[in-house]
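> Respectively, the protein sequence lines represent chains A and B.
So the first sequence is numbered by the working numbering: it starts at 1 and just counts up by one.
So the second sequence is numbered by the working numbering: it starts at 1 and just counts up by one.
Because the hints were derived from the structure by calculation, they are not lab data.
Among the hints, erroneous ones may be present.
You can't tell identical chains apart in this list, so a pair holds if it fits in one copy or across any two.
[Claimed, not checked] Below, simulated DSSO-like cross-link-like pairs (lysine-lysine); rule was C-alpha separation at most 27 angstroms, straight line:
| id | residue 1 | residue 2 |
| --- | --- | --- |
| 1 | K33 | K141 |
| 2 | K56 | K346 |
| 3 | K332 | K319 |
| 4 | K138 | K346 |
| 5 | K231 | K346 |
| 6 | K281 | K65 |
| 7 | K65 | K141 |
| 8 | K319 | K65 |
| 9 | K33 | K138 |
| 10 | K281 | K55 |
| 11 | K119 | K348 |
| 12 | K119 | K192 |
| 13 | K332 | K55 |
| 14 | K33 | K142 |
| 15 | K281 | K319 |
| 16 | K348 | K138 |
| 17 | K55 | K192 |
| 18 | K348 | K56 |
| 19 | K281 | K192 |
| 20 | K141 | K332 |
| 21 | K141 | K231 |
| 22 | K229 | K281 |
| 23 | K119 | K55 |
| 24 | K348 | K229 |
| 25 | K229 | K33 |
Number of protein chains: 2
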Amino acid sequence: MEKVSADSFAELRPPARILLGPGPSNVHPRVMKAMLSPVLGHLDPDFVGVMEEIKKLLRIVFRTKNAITFPVSGTGSAGMEAALANLVEDGDEIVVGVAGAFGARIVDAAERQGARVHKVEAEWGRIIEPDRIAEALKAAKKPKLVAVVHAETSTGVHQPLEEISRLAHRAGALMVADAVTSLGCVPVEIDKWEIDACYSCTQKGIGAPPGLAPVTFSERAMDAVHKRKSKCRSWYLDLAMIEHYWGPERLYHHTAPITMNYALYEALRIVVEEGLEARWKRHRANAAALQAGLAAMGLEMAAEEGHRLPQLAAVLVPKGINDARVRDRLLKLFNMEVGAGLGPFKGKVWRIGLMGEGSRRENVMLVLNALEDILGAMGMEIARGRALAAADQAYVSLGLGAGEPRD
Amino acid sequence: MEKVSADSFAELRPPARILLGPGPSNVHPRVMKAMLSPVLGHLDPDFVGVMEEIKKLLRIVFRTKNAITFPVSGTGSAGMEAALANLVEDGDEIVVGVAGAFGARIVDAAERQGARVHKVEAEWGRIIEPDRIAEALKAAKKPKLVAVVHAETSTGVHQPLEEISRLAHRAGALMVADAVTSLGCVPVEIDKWEIDACYSCTQKGIGAPPGLAPVTFSERAMDAVHKRKSKCRSWYLDLAMIEHYWGPERLYHHTAPITMNYALYEALRIVVEEGLEARWKRHRANAAALQAGLAAMGLEMAAEEGHRLPQLAAVLVPKGINDARVRDRLLKLFNMEVGAGLGPFKGKVWRIGLMGEGSRRENVMLVLNALEDILGAMGMEIARGRALAAADQAYVSLGLGAGEPRD
Numbered sequence: 001m002e003k004v005s006a007d008s009f010a011e012l013r014p015p016a017r018i019l020l021g022p023g024p025s026n027v028h029p030r031v032m033k034a035m036l037s038p039v040l041g042h043l044d045p046d047f048v049g050v051m052e053e054i055k056k057l058l059r060i061v062f063r064t065k066n067a068i069t070f071p072v073s074g075t076g077s078a079g080m081e082a083a084l085a086n087l088v089e090d091g092d093e094i095v096v097g098v099a100g101a102f103g104a105r106i107v108d109a110a111e112r113q114g115a116r117v118h119k120v121e122a123e124w125g126r127i128i129e130p131d132r133i134a135e136a137l138k139a140a141k142k143p144k145l146v147a148v149v150h151a152e153t154s155t156g157v158h159q160p161l162e163e164i165s166r167l168a169h170r171a172g173a174l175m176v177a178d179a180v181t182s183l184g185c186v187p188v189e190i191d192k193w194e195i196d197a198c199y200s201c202t203q204k205g206i207g208a209p210p211g212l213a214p215v216t217f218s219e220r221a222m223d224a225v226h227k228r229k230s231k232c233r234s235w236y237l238d239l240a241m242i243e244h245y246w247g248p249e250r251l252y253h254h255t256a257p258i259t260m261n262y263a264l265y266e267a268l269r270i271v272v273e274e275g276l277e278a279r280w281k282r283h284r285a286n287a288a289a290l291q292a293g294l295a296a297m298g299l300e301m302a303a304e305e306g307h308r309l310p311q312l313a314a315v316l317v318p319k320g321i322n323d324a325r326v327r328d329r330l331l332k333l334f335n336m337e338v339g340a341g342l343g344p345f346k347g348k349v350w351r352i353g354l355m356g357e358g359s360r361r362e363n364v365m366l367v368l369n370a371l372e373d374i375l376g377a378m379g380m381e382i383a384r385g386r387a388l389a390a391a392d393q394a395y396v397s398l399g400l401g402a403g404e405p406r407d
Numbered sequence: 001m002e003k004v005s006a007d008s009f010a011e012l013r014p015p016a017r018i019l020l021g022p023g024p025s026n027v028h029p030r031v032m033k034a035m036l037s038p039v040l041g042h043l044d045p046d047f048v049g050v051m052e053e054i055k056k057l058l059r060i061v062f063r064t065k066n067a068i069t070f071p072v073s074g075t076g077s078a079g080m081e082a083a084l085a086n087l088v089e090d091g092d093e094i095v096v097g098v099a100g101a102f103g104a105r106i107v108d109a110a111e112r113q114g115a116r117v118h119k120v121e122a123e124w125g126r127i128i129e130p131d132r133i134a135e136a137l138k139a140a141k142k143p144k145l146v147a148v149v150h151a152e153t154s155t156g157v158h159q160p161l162e163e164i165s166r167l168a169h170r171a172g173a174l175m176v177a178d179a180v181t182s183l184g185c186v187p188v189e190i191d192k193w194e195i196d197a198c199y200s201c202t203q204k205g206i207g208a209p210p211g212l213a214p215v216t217f218s219e220r221a222m223d224a225v226h227k228r229k230s231k232c233r234s235w236y237l238d239l240a241m242i243e244h245y246w247g248p249e250r251l252y253h254h255t256a257p258i259t260m261n262y263a264l265y266e267a268l269r270i271v272v273e274e275g276l277e278a279r280w281k282r283h284r285a286n287a288a289a290l291q292a293g294l295a296a297m298g299l300e301m302a303a304e305e306g307h308r309l310p311q312l313a314a315v316l317v318p319k320g321i322n323d324a325r326v327r328d329r330l331l332k333l334f335n336m337e338v339g340a341g342l343g344p345f346k347g348k349v350w351r352i353g354l355m356g357e358g359s360r361r362e363n364v365m366l367v368l369n370a371l372e373d374i375l376g377a378m379g380m381e382i383a384r385g386r387a388l389a390a391a392d393q394a395y396v397s398l399g400l401g402a403g404e405p406r407d
């Protein structure tokens, strides 16, 4: 046993940071308050009522009529695993787009489920071209599904899905989309784009703490689940069982994370109150201002133009600047988190998120001003105030006003 | 799209129930308060500090020095899956004790991972006899592990583990224990009993909401993980990766449920402040009083004598009494949850939990008094007040005083 007494453990005092990384993003106080609701049993009629409301809200946010729409009891990656573990069987051929860490993660997770993966790779920072998916579909034998990341969190790329979905269906394959960093920030049109399986998280565009993975599965996807030759390898994520817990039968499967479901409910209520279109517009406006400001500082983006996510800017670290040092300064001077690069982008990009609650005009100003100060102090030639003026100008050209005067 | 407007979704108003089922149990206000702590990034140095403290606290509660001791980012069943998915490979022979729903769940989950399971079955309500495990180990070819449920939540049986662990090791197998309903209620002696892998939950003996699965793995178990011929089928639960996120390298794997980790931290702090021995004693005392009261009402237990869990009484529903009607009355008249029976015990037992925060003298009085009232009104011959007097007497004989006078 370690020699530690009860006194060694202090009361929690985590700082209230400005979260401008790739998620978690800041949480609305109403969501915090919802988490104080009394814990109920997982089969309590009152909790069952909350579950029903969550399903309705998720259908609104996913823009779908899919019956099987609910939060998986784990974080975003558990949603990914739920999609793959349920739809892939040993030997199934699948096509996966890989242009970043999260595409690569799908490959790894699918291979563990026995998939033979046809990878369609693109350079980090670029989209997956539909033509390349079409080629891979031709090369694959009876392709079971195509999986693509909608918002590649490692590169800031916004991947178009509609054309790829058409190609997948034409080849008789299911369309799977990773919407972990897109749901609640940009349009995710499950029914219109005919996405068969989609997974997301709670801590980015939705604005709750991390802990659940909203998912939705089309009838076609559920058919594939019901026609499996083998049981799903995962007991915990087996949709053939979970559908009867989240469905009208209310068959006990596992104990849902009650409090996180309260948080998700309240966060979704806020999303629906704002309205999806208004929310997407807000994300676009703040992104335009941020990107204008970053450009005014001479900073460049990792993602190709025309395919940049509004909720996540992957910014190239300028030559001679130490990535980690800047993030450390942001945290210690300004109590502000921005994300580091992953994999080949380690040390080479910062990831600035303006997601959900965090997509706010003041956050654009705060992060630009902080970067001006830090990069200037580190020797970059920064004309103080220019980034903020450029951001202001972006808001003006979007008809959103000049904001408060800076003098 | 469903036609629902933002106004259709009301503010959450779940009732504050007295939770006396098989979990979730009631949560201390300090734990609720901890969940209001600001959400941090999953790699934030301040959150990393909390992770380190949680590992220390869990080692105290699991009574272990195991380095790999942390909460899996899912509920209790995700802990089970983590143990099996990491320790089982295709074709491995394993021995599983089955005398209830949760033993059966292990079999199902392990077979999905490719295990050949030698089941050691016992009647529901009885323990698994070590002799029978010994026989199964002999019959198995190179048995990889033995898995047994420590607290069988479906029957209220308290399964002894030490002898089975010795047998497992003598046969060269790992010892796996399901402590979902035991941790924080009764002794779970990982190092002393040489348990190689153990999983639990947060919402029973620990006293936090559901959402995480504390687990611990011995060096021997981690050796098996590192020597796997194939990758763990689960990306989300792969210990070979997760150990580097929860370990000193802090390699990003997935986003931990930050808020639930705050809750777990505070709940564990409360456990350690009370002291494990005091906590076990409290559970035993309240169980003795409850069982004395139930016996005084003529109610019988499903679990064999000498092997009854203090934290969970599986009570046989008396002849002529409608199980569901009684639970419905308890909920509606007294705002009190008790659990229903599972599987073959459906309609045949109630499961009364006195777990963690919920193991309190007033809860014993509340549930006995409520049952006296309801069962009496349903036509059972109940001498009003006798159950409470018997409970009081049990406290007296434990040296805990007669309690408040009832007249």
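> Decide, hint by hint, whether the structure agrees.
Evaluation of the provided hints:
no.	hint	verdict
1	K33 - K141	neither (51 angstroms within a copy, 55 angstroms between copies)
2	K56 - K346	neither (40 angstroms within a copy, 31 angstroms between copies)
3	K332 - K319	within (23 angstroms within a copy, 68 angstroms between copies)
4	K138 - K346	neither (35 angstroms within a copy, 52 angstroms between copies)
5	K231 - K346	between (39 angstroms within a copy, 25 angstroms between copies)
6	K281 - K65	within (24 angstroms within a copy, 52 angstroms between copies)
7	K65 - K141	neither (31 angstroms within a copy, 50 angstroms between copies)
8	K319 - K65	neither (49 angstroms within a copy, 46 angstroms between copies)
9	K33 - K138	neither (52 angstroms within a copy, 56 angstroms between copies)
10	K281 - K55	within (25 angstroms within a copy, 43 angstroms between copies)
11	K119 - K348	within (25 angstroms within a copy, 54 angstroms between copies)
12	K119 - K192	within (26 angstroms within a copy, 49 angstroms between copies)
13	K332 - K55	between (40 angstroms within a copy, 26 angstroms between copies)
14	K33 - K142	neither (49 angstroms within a copy, 53 angstroms between copies)
15	K281 - K319	neither (33 angstroms within a copy, 64 angstroms between copies)
16	K348 - K138	neither (36 angstroms within a copy, 57 angstroms between copies)
17	K55 - K192	within (19 angstroms within a copy, 46 angstroms between copies)
18	K348 - K56	neither (41 angstroms within a copy, 35 angstroms between copies)
19	K281 - K192	within (19 angstroms within a copy, 60 angstroms between copies)
20	K141 - K332	neither (54 angstroms within a copy, 58 angstroms between copies)
21	K141 - K231	both (22 angstroms within a copy, 25 angstroms between copies)
22	K229 - K281	neither (45 angstroms within a copy, 50 angstroms between copies)
23	K119 - K55	neither (33 angstroms within a copy, 38 angstroms between copies)
24	K348 - K229	neither (45 angstroms within a copy, 35 angstroms between copies)
25	K229 - K33	neither (45 angstroms within a copy, 47 angstroms between copies)
Hints 1, 2, 4, 7, 8, 9, 14, 15, 16, 18, 20, 22, 23, 24 and 25, counting from the list given before, are not met by this structure.
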